[in-house]
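Note that the protein sequences, when read in sequence, are chains A and B. Residue numbers for the first sequence follow my numbering, so the first one is 12 and each next one is one higher. Residue numbers for the second sequence follow my numbering, so the first one is 12 and each next one is one higher.
Hints listed in this document are in silico derivations from the structure and should not be mistaken for laboratory results. Glycine is no exception: its CB is placed at the ideal position from the N, C-alpha and C atoms. Heads up, a few of these hints could be off.
[Unchecked claim] Cβ-Cβ distance ranges computed for the label pairs, FRET-style: (1) B/Arg121 / A/Glu41: 37 to 43 Å; (2) A/Glu68 / B/Gly103: 19 to 25 Å; (3) A/Arg17 / B/Glu41: 17 to 23 Å; (4) B/Trp64 / A/Asp115: 38 to 44 Å; (5) A/Thr29 / B/Glu41: 31 to 37 Å; (6) A/Glu85 / B/His95: 38 to 44 Å; (7) B/Arg121 / A/Thr50: 20 to 26 Å; (8) A/Ala120 / B/Arg111: 32 to 38 Å; (9) A/Arg65 / B/Gly103: 34 to 40 Å; (10) B/Pro114 / A/Arg17: 38 to 44 Å; (11) B/Arg111 / A/Arg58: 35 to 41 Å; (12) B/Thr50 / A/Gly19: 19 to 25 Å.
Number of protein chains: 2
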Amino acid sequence: MLKFDRQGLIPTVIQDNTTGEVLMVAFMNEEALRLTRETGYTHFFSRSRNAIWRKGEQSGNVQEVRDILVNCEENSLLIRVIQHGEAACHEGYRSCYYRRLLPDNAYAARA
Amino acid sequence: MLKFDRQGLIPTVIQDNTTGEVLMVAFMNEEALRLTRETGYTHFFSRSRNAIWRKGEQSGNVQEVRDILVNCEENSLLIRVIQHGEAACHEGYRSCYYRRLLPDNAYAARA
């Protein structure tokens with residue numbers, strides 16, 4: 012049985028089903044997971060807004076679910092998706108991980 | 012600047028640098044991240060044991076860091092690694108995501 016944390020959330024990795032690129036990490040609660048499975052498109056729970064959101068509801072860059080995988084400890088998810096539109100990241104990048112962490116804690120653009 | 016959560020943790024995705032496979036998700040605190048960067052091998056913070064552990068310290072299946080990436084919101088990490096040994100998962104699987112979530116909340120082996 013899936014283990015949601017004390018806030019009722021489970022961390023979820025979103026991976027491009029075609030390229031294998033990791034696009035983002037977000038949190039789901041039970042309702043967001045239910046909506047994701049029912050609709051076939053990713054939904055998440057926003058901790059800052061305390062609300063469920065459908066990924067791409069503003070931008071149109073929705074994520075079509077291809078596979079939902081569970082880890083050994085049943086406390087995280089890996090969802091493989093078809094990413095619609097150009098970008099998964101609200102900053103306009105394909106992936107949210109567009110920067111590298113440098114030794115001095117600064118960032119550089121990903122090579 | 013990196014944003015650790017209220018418990019001082021940041022979720023970290025570990026990805027095989029060669030295959031792109033997502034191997035696991037774990038949490039780091041500042042000290043685990045510092046050790047990871049200093050040694051070049053992943054260290055995590057265990058919430059259940061309240062302690063830092065070096066991945067592979069028991070099994071020998073250590074993870075050699077190739078790249079540390081930061082997301083747009085600076086609240087998660089993606090670390091690309093060379094996975095030593097056969098398995099990243101303590102259950103003996105290459106990846107912790109060896110099961111698929113089924114519509115009835117049961118699991119099946121990943122295809």
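Structure-based check of all given hints:
{"no.": "1", "hint": "B/Arg121 / A/Glu41: 37 to 43 Å", "result": "23 Å, violated"}
{"no.": "2", "hint": "A/Glu68 / B/Gly103: 19 to 25 Å", "result": "40 Å, violated"}
{"no.": "3", "hint": "A/Arg17 / B/Glu41: 17 to 23 Å", "result": "21 Å, holds"}
{"no.": "4", "hint": "B/Trp64 / A/Asp115: 38 to 44 Å", "result": "26 Å, violated"}
{"no.": "5", "hint": "A/Thr29 / B/Glu41: 31 to 37 Å", "result": "35 Å, holds"}
{"no.": "6", "hint": "A/Glu85 / B/His95: 38 to 44 Å", "result": "26 Å, violated"}
{"no.": "7", "hint": "B/Arg121 / A/Thr50: 20 to 26 Å", "result": "23 Å, holds"}
{"no.": "8", "hint": "A/Ala120 / B/Arg111: 32 to 38 Å", "result": "35 Å, holds"}
{"no.": "9", "hint": "A/Arg65 / B/Gly103: 34 to 40 Å", "result": "37 Å, holds"}
{"no.": "10", "hint": "B/Pro114 / A/Arg17: 38 to 44 Å", "result": "27 Å, violated"}
{"no.": "11", "hint": "B/Arg111 / A/Arg58: 35 to 41 Å", "result": "27 Å, violated"}
{"no.": "12", "hint": "B/Thr50 / A/Gly19: 19 to 25 Å", "result": "35 Å, violated"}
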